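J.: As you go down the protein sequences, you meet chains A and B in turn. Residue numbers for the first sequence follow the numbering used here, beginning at 1 and rising by one. Residue numbers for the second sequence follow the numbering used here, beginning at 182 and rising by one.
The reader is advised that the hints may include incorrect statements.
Claimed, not checked - Here are the simulated DSBU-like pairs of lysine-lysine, each with C-alpha atoms no more than 35 Å apart in a straight line:
1. B:Lys264 to B:Lys512
2. B:Lys512 to A:Lys144
3. B:Lys468 to A:Lys74
4. A:Lys74 to A:Lys57
5. A:Lys74 to B:Lys267
6. B:Lys468 to B:Lys410
7. A:Lys57 to B:Lys220
8. A:Lys144 to B:Lys267
9. A:Lys24 to A:Lys74
10. B:Lys264 to A:Lys74
11. B:Lys500 to A:Lys74
Said to hold, decoys possible - Which chain B residues stay away from chain A? Per the calculated CB distances, all over 10 Å, these:
12. Glu203
13. Lys220
14. Ala224
15. Leu306
16. Gly324
17. Ile373
18. Leu381
19. Asp443
20. Asn472
21. Val474
22. Gln476
23. Leu513
As the list claims (entries may be wrong) - Over the 10 Å line for every Cβ pair with chain B, so calculated as not near, a few chain A residues:
24. Met50
25. His51
26. Gly54
27. Gly58
28. Glu140
29. Asn165
30. Val173
31. Met174
Keep in mind the hints are simulated off the structure, nothing from the lab. In this text the structure is predicted, and so the values were computed from the model without any measurement. Cβ atoms here follow ideal geometry from the backbone N, Cα and C, with glycine treated the same way.
Residue strings, one per chain:
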Amino acid sequence: MTLTEKAAPPMKQPPSLPAMHTVKLTVNGTETELQLAPWTSLLDALREYMHLTGTKKGCDHGQCGACTVLVNGKRINACLTLAIMQDGNEITTIEGLSQKDADGKDGLHPIQQAFMDHDAFQCGYCTPGQICSAVGMMNEGHVKTADDIRELMSGNICRCGAYTNIVDAIQSVMNPQPDAA
Amino acid sequence: MNSFAYTRADGVTHAVAERADESTAAFIAGGTNLIDLMKENVARPTRLIDINRLPLTTITDTENGGLRLGALVTNADTAYDDKVAKNYPLLAEAILAGASAQLRNMATDGGNLMQRTRCYYFYDLATPCNKREPGSGCSAINGYNRIHAILGTGSPTGDVQCIATHPSDMCVALAALEATVQVTGPDGDRTIPFAEFHRLPGDTPQIDNTLEAGELITAIDLPANGFSKNYAYLKLRDRASYAFALVSVAAALEMEGETIVDARIALGGVAHKPWRRPEVEAMLHGKSASNDVFQTVADAMLDGAQGYGHNTFKLELAKRAIVRALAQAAKLN
Ligand SMILES: Cc1cc2nc3c(=O)[nH]c(=O)nc-3n(C[C@H](O)[C@H](O)[C@H](O)COP(=O)(O)OP(=O)(O)OC[C@H]3O[C@@H](n4cnc5c(N)ncnc54)[C@H](O)[C@@H]3O)c2cc1C
Ligand code: SF4
Ligand code: FES
Ligand code: FES
Chain A
1 MTLTEKAAPP MKQPPSLPAM HTVKLTVNGT ETELQLAPWT SLLDALREYM
51 HLTGTKKGCD HGQCGACTVL VNGKRINACL TLAIMQDGNE ITTIEGLSQK
101 DADGKDGLHP IQQAFMDHDA FQCGYCTPGQ ICSAVGMMNE GHVKTADDIR
151 ELMSGNICRC GAYTNIVDAI QSVMNPQPDA A
Chain B
182 MNSFAYTRAD GVTHAVAERA DESTAAFIAG GTNLIDLMKE NVARPTRLID
232 INRLPLTTIT DTENGGLRLG ALVTNADTAY DDKVAKNYPL LAEAILAGAS
282 AQLRNMATDG GNLMQRTRCY YFYDLATPCN KREPGSGCSA INGYNRIHAI
332 LGTGSPTGDV QCIATHPSDM CVALAALEAT VQVTGPDGDR TIPFAEFHRL
382 PGDTPQIDNT LEAGELITAI DLPANGFSKN YAYLKLRDRA SYAFALVSVA
432 AALEMEGETI VDARIALGGV AHKPWRRPEV EAMLHGKSAS NDVFQTVADA
482 MLDGAQGYGH NTFKLELAKR AIVRALAQAA KLN
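Based on the provided sequences and hints, a complete structural model is requested.
T.: Set out below in structure tokens:
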């Protein structure tokens, strides 16, 4: 047997560049059109293609919540969805949460302000995800007690352990009933 | 992630036809399991068929008084649906015990049934795994197997092939409720009873369930009886939330006064499928609820169970969990 006979057969077709797809997203109120490979996660689309780096990548596997954004008002993990699957949807990231006040000036979302007032972060890496998640939780309307806040925020891990102040901050905005004794 | 092509299906027929044309393509719904596995190169579909625009997103009444959950209804919308919460609280609680709020907003009911094991070796391409690569061996049997199965691990040849568990919470409740799975495929529609949907590993651990290649789940049907008076879903795990079950129990009782007239017990975290033993459940018929009776039943549910070292604690844990879940369902003490 010669060396050439032993070598792997040449590929029938040379590898080709991926087909790019047009993806339309409304991000923080602005309609955007991107050309993306199908495997681009929503998280990578936001960070690498739209340079909205407020949304963080912690684990990239749905295990930490750092990438939490709102899609049509609902909180999801941007790392476990493809941008192309969100075509046509409205995305809100931490950059889009601030609201206009009575004078038309940009003001912080009440949850953002509460995080500052309650010192609800240390390194701050989990914070954009925590805040988007809290806003999503308010939209969902299932919180009755502070225990509900702990359970329904469990998808956001804080490596610094700022949990007590995070719950305090959210509680100050949502005013749930006190926990049962 | 490997290179793949993408198709957005605009209807059930389209989705099934696309899949029939390309055997290495995969449906994608919420993406929370498939994208994870694709990032690890455990799943390598050549094409994703996005089924999110299919009209399978509603919860409707069935003719026989039950509910039909469309395959694309999210886990969150299912758990918080008024009828599910009222008539099937066991299912609602099981769903809400799983994953996180963000994941439940993405995860679909069909995808939940199809999620694959969380066995660490299954995820780790550097280690042998009979489920990922048939015939390569099982790294868990003599490895770290804290989260692994204690029941139903036998195989016809005698050599245990795989001790993975099915990780779903929702499926444990669906097993107890005796739901049915509605599927459609190249050869038409069929209905799969829940007990026959997932399977034991035997000699073919690479096959998780009895869905045929190319078949699409369209809905999950709940029978009329939701056991909404006497039920409990008990999930035991390493942290209070956002962790898979080490052991979970779905208990559902039909009671006349103190007397049990019908009983369902399904276990999660202990086998390759939600674990039921109807003959053991029948031992409860006509009995009045007591911890002694429940203890006998718990022992019988675990009959033949085998630990593999790190997971041997599950034998006792499962028994105690069964007793506690039944006591909660019966509203003892
Ligand atoms: C960090 C983390 C923690 C989790 N914790 C829990 C937990 O505690 N308890 C729990 O139960 N689950 C848990 N999950 C798992 C989660 O519930 C599943 O990933 C989810 O239900 C899968 O649904 P999906 O729609 O996202 O599926 P996808 O990822 O879209 O699909 C999964 C599989 O199902 C197939 N599929 C999807 N829809 C259909 C259909 N209609 N017909 C045929 N095939 C289909 C796909 O081809 C794929 O193979 C967790 C997940 C993560 C990432
Ligand atoms: S238990 Fe199953 S999934 Fe895990 S390594 Fe063994 S064969 Fe693979
Ligand atoms: S980066 Fe998405 S959950 Fe961790
Ligand atoms: S503030 Fe550091 S991870 Fe939460």
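J.: So which of the earlier hints does this model not fit?
T.: Result: hints 3, 11, 13, 28 break, sorted rising.
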